[in-house]
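Residue numbers (my numbering), protein chains in the order written: chain A, 1 to 271; chain B, 1 to 276.
Since the hints were derived computationally from the structure, they do not count as laboratory data.
Quantities reported herein were computed from a predicted structural model and do not represent experimental measurements.
For glycine and all other residues, C-beta sits at the position ideal for the given N, C-alpha and C.
Check before you lean on any hint, since a few could be wrong.
Stated by the list, open to error - No farther apart than 20 Å at their CA atoms in a straight line, the calculated lysine to aspartate or glutamate pairs in the DMTMM-like style are these: (1) K156(B) - E212(A); (2) K53(B) - E234(B); (3) K156(B) - E260(A); (4) K163(A) - E212(A); (5) K163(A) - E205(B).
Said to hold, decoys possible - Facing chain B, from chain A, some residues (calculated, C-beta under 10 Å): (6) I46; (7) I51; (8) V77; (9) V146.
Unchecked claim - Cβ pair distances, simulated, as ranges: (10) E235(A) - Q231(B): 38 to 48 Å; (11) R75(A) - G257(B): 39 to 49 Å; (12) G102(B) - V254(A): 28 to 38 Å.
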Amino acid sequence: MTAPAVAPRRELPPKPRNILRVALIVTVLVTLTVAACTPAIGGVEIDLASISKHWANGAKKLGQMMQPNFAFLPRTVAPMLETLQMAVVGAAIAAAISVPLTLWAAKPTNANSVTRGVVRTAVNVVRAVPDLVYASVLVAMVGVGVLPGLITLVLFDLGIIVKLVSEAIDSADHGYMEAGRAAGGSQFQINRVTALPQTLPLFANQWLYTLELNVRISAILGFVGAGGIGRILDERRNFYAYGDVSVIILEILVVVVLIEVLSNALRKRLA
Amino acid sequence: MNAMTFTSPVPRRPSRLWPTIFTVLAALVILIAVGGLQISWADVPKIPENVAKYLGLMFAPPSWEKLPRALLEMWRSVSMAWLGAILCVVVSIPLGILAARGVGPAWLRVALRGIFAVIRAVPEVIIALILLTVTGLTPFTGMLALGIAGIGTQGKWVYEAIESAEAGAAEAVRAAGGTTAEVTRWALWPAVAPVLMSFALYRFEINIRTSAILGMVGAGGIGSMLTNYTQFREWDTVGMLLIVVVVVTMLIDMISGAVRRRIMEGARPRDLARSA
Numbered sequence: 001m002t003a004p005a006v007a008p009r010r011e012l013p014p015k016p017r018n019i020l021r022v023a024l025i026v027t028v029l030v031t032l033t034v035a036a037c038t039p040a041i042g043g044v045e046i047d048l049a050s051i052s053k054h055w056a057n058g059a060k061k062l063g064q065m066m067q068p069n070f071a072f073l074p075r076t077v078a079p080m081l082e083t084l085q086m087a088v089v090g091a092a093i094a095a096a097i098s099v100p101l102t103l104w105a106a107k108p109t110n111a112n113s114v115t116r117g118v119v120r121t122a123v124n125v126v127r128a129v130p131d132l133v134y135a136s137v138l139v140a141m142v143g144v145g146v147l148p149g150l151i152t153l154v155l156f157d158l159g160i161i162v163k164l165v166s167e168a169i170d171s172a173d174h175g176y177m178e179a180g181r182a183a184g185g186s187q188f189q190i191n192r193v194t195a196l197p198q199t200l201p202l203f204a205n206q207w208l209y210t211l212e213l214n215v216r217i218s219a220i221l222g223f224v225g226a227g228g229i230g231r232i233l234d235e236r237r238n239f240y241a242y243g244d245v246s247v248i249i250l251e252i253l254v255v256v257v258l259i260e261v262l263s264n265a266l267r268k269r270l271a
Numbered sequence: 001m002n003a004m005t006f007t008s009p010v011p012r013r014p015s016r017l018w019p020t021i022f023t024v025l026a027a028l029v030i031l032i033a034v035g036g037l038q039i040s041w042a043d044v045p046k047i048p049e050n051v052a053k054y055l056g057l058m059f060a061p062p063s064w065e066k067l068p069r070a071l072l073e074m075w076r077s078v079s080m081a082w083l084g085a086i087l088c089v090v091v092s093i094p095l096g097i098l099a100a101r102g103v104g105p106a107w108l109r110v111a112l113r114g115i116f117a118v119i120r121a122v123p124e125v126i127i128a129l130i131l132l133t134v135t136g137l138t139p140f141t142g143m144l145a146l147g148i149a150g151i152g153t154q155g156k157w158v159y160e161a162i163e164s165a166e167a168g169a170a171e172a173v174r175a176a177g178g179t180t181a182e183v184t185r186w187a188l189w190p191a192v193a194p195v196l197m198s199f200a201l202y203r204f205e206i207n208i209r210t211s212a213i214l215g216m217v218g219a220g221g222i223g224s225m226l227t228n229y230t231q232f233r234e235w236d237t238v239g240m241l242l243i244v245v246v247v248v249t250m251l252i253d254m255i256s257g258a259v260r261r262r263i264m265e266g267a268r269p270r271d272l273a274r275s276a
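Generate coordinates for the entire structure from the input sequences, incorporating the hints supplied.
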């Protein structure tokens, strides 16, 4: 009676195990984490005591934010409009520049490995700089106002669009393009007639996505003087007017959700 | 004459009406937006000149004098990002699983998704500013802000990953009499664990960038140093700091990207052959 119960168990393949590798991975993760919380070597000091000591401050601030001062709303309309305009214009400029750059950065649409490498490296460098860093350096370069914010948005959007779409082109199936090549088309003709129409939905998707991102980012661009709703957010915060701050945050929330709904509807039409 | 008979079977061109309307509308919106922006157009031609001038000040040549301090501050930013990612992932995985359709009860799902959406809308900087009042201007604040601010997006990714997992395994466990907890442990978790690990690493990559931003509002790390030297207008040091940020960020992206590919695509044939 016991034999049949045991027999099938023996036929199971051995469980894949690699104790050495698991141990190595765990060691690396634990070392990194421990090093990251060691203040002596520059890590973060985990200061739980301060939470138990000062949590009331944060709770008070949150309490103040829970009472939004809606009387402030009319004054936020103009900066919000500026933010939306910056988001739209930034996304539009980025969209226009992104098409040639993306086609340069993808292998099937650019056979020249030198120009491809140059564009890819440039995009990766652009992507590695955080948005607010661009904004603060650009504010110093071209002065306070909308312009540095706009340039920041364009640079940030380009990094996203070119990377995502060129990777999508790289991994897509290229039947049409091969047909174009077989028919004797030049690289430019192939790109124009096959690659572009094929990837346009991908582009449109990312363009809409960057529009959403731009609204979110503009909320903080104003902190360094790059225009938009962030400027007034920073101002109210400096006055400790947390009721006004929460009105602005609510407004950003509503606008972001509206833009998400709108772009989702557009995406459905595109698909 | 023959041409007529050959062209007729060709399907009619699809209507161009809607695409045209969309394009015109989009163009109108963009034009109105451009018109409304208060840009001093006279300054625009001077931008390339200005940018070139400052780039010259920054990178010709950058000042390497403060490199050791910059590396230390960068490590502090990376620590913030790493611990913030751990905090975010540890909180968002269970919450995200509970928010997935078919796991948690409907009221909890709605509540959690609402919380995720609200967190997504609040900029990290604002979260950091609230936390400042509790934990002060410290990297610890930055870490907490990263951890909390990331939950919104991370939680959304988790429940989307679980909902898009194949239903077969979950149905099999349920058919064998498994409870929802058992379904989650034995069907959903094995299916989504690699994706979630990949997302966790991606969160770390995002946090590296955000930690520099939080530094600019005083949370410490490379962002604080960058803001200071921008304000002192010591451009050659700013140039060096930018190089440090770009190089370290790209290095971490590369390593983390390679690990993510390895997680998602599994072992390469060479590795499989060895283990067999």
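We went through each hint and held it up to the structure:
Under the criterion of a C-alpha separation no larger than 20 Å, the hint pairing K156(B) with E212(A) is consistent with the structure, at around 16 Å. At roughly 14 Å between alpha-carbon atoms, K53(B) and E234(B) fall within 20 Å of each other, so this suggested pair holds. For the hint linking K156(B) to E260(A), the alpha-carbon distance of about 15 Å falls within 20 Å, and the restraint holds. Taking the CA atoms of K163(A) and E212(A), the gap is about 17 Å. The hint holds against a cut of 20 Å.
For the suggested pair K163(A) and E205(B), the alpha carbons sit about 15 Å apart, so the restraint of at most 20 Å is met. At a threshold of 10 Å, the smallest CB-CB gap from I46(A) to chain B is about 6 Å, leaving the interface hint in force. Annotation: I51(A) was flagged as interfacial toward chain B, and the flag holds, the nearest CB pair being 6 Å apart, inside 10 Å. Checking V77(A) against chain B: minimum C-beta separation of about 13 Å lies over 10 Å; hint violated.
About 5 Å separates the beta-carbon of V146(A) from the nearest beta-carbon of chain B, less than 10 Å, and the hint is met. Checked against the hint of 38 to 48 Å, the pair E235(A) and Q231(B) fails, with Cβ atoms roughly 19 Å apart. Against the hinted window of 39 to 49 Å, the Cβ-Cβ separation of R75(A) and G257(B) comes to about 45 Å, which satisfies the hint. Taking the beta carbon of each, G102(B) and V254(A) are about 30 Å apart, inside 28 to 38 Å as hinted.
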